[in-house]
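K.L.:
Next come the chains, spelled out residue by residue.
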Amino acid sequence: MRRILLISLLTVALPGAARAQGTGRSQSDAKTEEEVLKVEHEKDQAMQKGDLATLTRVYADDLIFVNPRGEVLSKAQRLADVRPGSLDYQDFKREDYTLHVYGNTVVLTGVSKSVLHNHGKLIRTPRQFMQVYVKEGGQWRMVAHHANFISENGLPVPEEK
Amino acid sequence: MLRILLLSLLTVALAGAAAAQETAKSQSDAEIEKEILKIEGERDQAREKGDNATLNRILADDYFYIGVRGNVRTKANRLDDYEAGVIKVLSVKKDNFMFKVYGDTVLMTGRETSITQYRGKPNDKPRQFTNVYIKLDGRWRLVFHQATTIGEPW
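Here the protein sequences line up with chains L and A, keeping their order. Straight run, no breaks: the first sequence in our numbering ends on number 312. Straight run, no breaks: the second sequence in our numbering ends on number 157.
Everything labelled a hint here was simulated from the structure, so no lab data went into it. All values derive from a computational prediction rather than experimental measurement. Each statement offered as a hint is correct.
In silico EDC-like pairs for lysine to aspartate or glutamate, Cα to Cα no more than 16 Å straight-line:
{"id": "1", "chain 1": "L", "residue 1": "Lys286", "chain 2": "L", "residue 2": "Glu185"}
{"id": "2", "chain 1": "A", "residue 1": "Lys91", "chain 2": "A", "residue 2": "Asp54"}
{"id": "3", "chain 1": "L", "residue 1": "Lys286", "chain 2": "A", "residue 2": "Asp107"}
{"id": "4", "chain 1": "A", "residue 1": "Lys103", "chain 2": "L", "residue 2": "Asp213"}
{"id": "5", "chain 1": "A", "residue 1": "Lys128", "chain 2": "L", "residue 2": "Glu222"}
{"id": "6", "chain 1": "A", "residue 1": "Lys103", "chain 2": "L", "residue 2": "Glu287"}
{"id": "7", "chain 1": "A", "residue 1": "Lys91", "chain 2": "A", "residue 2": "Glu51"}
{"id": "8", "chain 1": "L", "residue 1": "Lys286", "chain 2": "L", "residue 2": "Asp212"}
{"id": "9", "chain 1": "L", "residue 1": "Lys226", "chain 2": "L", "residue 2": "Asp212"}
{"id": "10", "chain 1": "L", "residue 1": "Lys189", "chain 2": "L", "residue 2": "Glu246"}
{"id": "11", "chain 1": "L", "residue 1": "Lys272", "chain 2": "L", "residue 2": "Asp239"}
{"id": "12", "chain 1": "L", "residue 1": "Lys272", "chain 2": "A", "residue 2": "Glu155"}
{"id": "13", "chain 1": "A", "residue 1": "Lys103", "chain 2": "A", "residue 2": "Glu34"}
{"id": "14", "chain 1": "A", "residue 1": "Lys103", "chain 2": "L", "residue 2": "Asp212"}
{"id": "15", "chain 1": "A", "residue 1": "Lys97", "chain 2": "A", "residue 2": "Glu45"}
{"id": "16", "chain 1": "L", "residue 1": "Lys264", "chain 2": "L", "residue 2": "Asp239"}
{"id": "17", "chain 1": "L", "residue 1": "Lys264", "chain 2": "L", "residue 2": "Asp195"}
{"id": "18", "chain 1": "A", "residue 1": "Lys97", "chain 2": "A", "residue 2": "Asp127"}
Just chain L, same shape as in the assembly (with noise of 0.2 Å):
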């Protein structure tokens, strides 16, 4: 059951508007996916302010987060990383998304283009990102997350795997 969206930035912020472009998804499904950003489009307001009440209610609590240097953080390390002070968003832009709807489970994918201070360090590289959702107890959380630098060159990205 296959049901795949590409959604731009601008329906995180209109919702109503992923419906147009859904032709031939189930409503099932595409109600999932507009509660699915509505969660995404939260957590992501959360990051900016470093609101950790919301991340704490997004991110399940097994969560498995893996960021662009390959490391591995819990959800209580990834919340101390998004402490103000250790996370400063300059520019928080978010595009190109996917959603594969598979019940429960939706994976989502994108491309993140923000600008950001990572402990002091200025980031600017693009980042192409994967999350999964669950549906726990009735309400969406995120129980995988992980990130890669996207190649700066723009050619085709020689694969080394």
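Start from chain L and add chain A according to the hints.
P.N.:
The following block gives chain A in isolation, referenced to the frame of chain L:
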């Protein structure tokens, strides 16, 4: 007094039932993990041999791949790369596995130090990977893979 005794017995019985249920759940998850490891082993063998028939069976039709440089590939892209010999897997080595089971979804993470080649260029750098397996029509299929070189500078 009798009421207290009955309540105590009921509590013990319920606790026992809950423990049994938990054990059953753990066993079930352990069985799923074993099943996923078996499929992952088959996939690795297929990668080494360039066995596209097996890869075609394991990868879901909407398989999504993000490579170490942020490159996005589809199932067709990956199979074409193996077919053309663009990618070669010379040896497979993986460890540090971690599994999270959510019903018909399994998250698998681990470290890979396999030796691979892309257009003749070898890669033996350690990579951290995430796999997402979903049970589709009664079969576990790999729907997503992402790998990141460990220790990349910020």
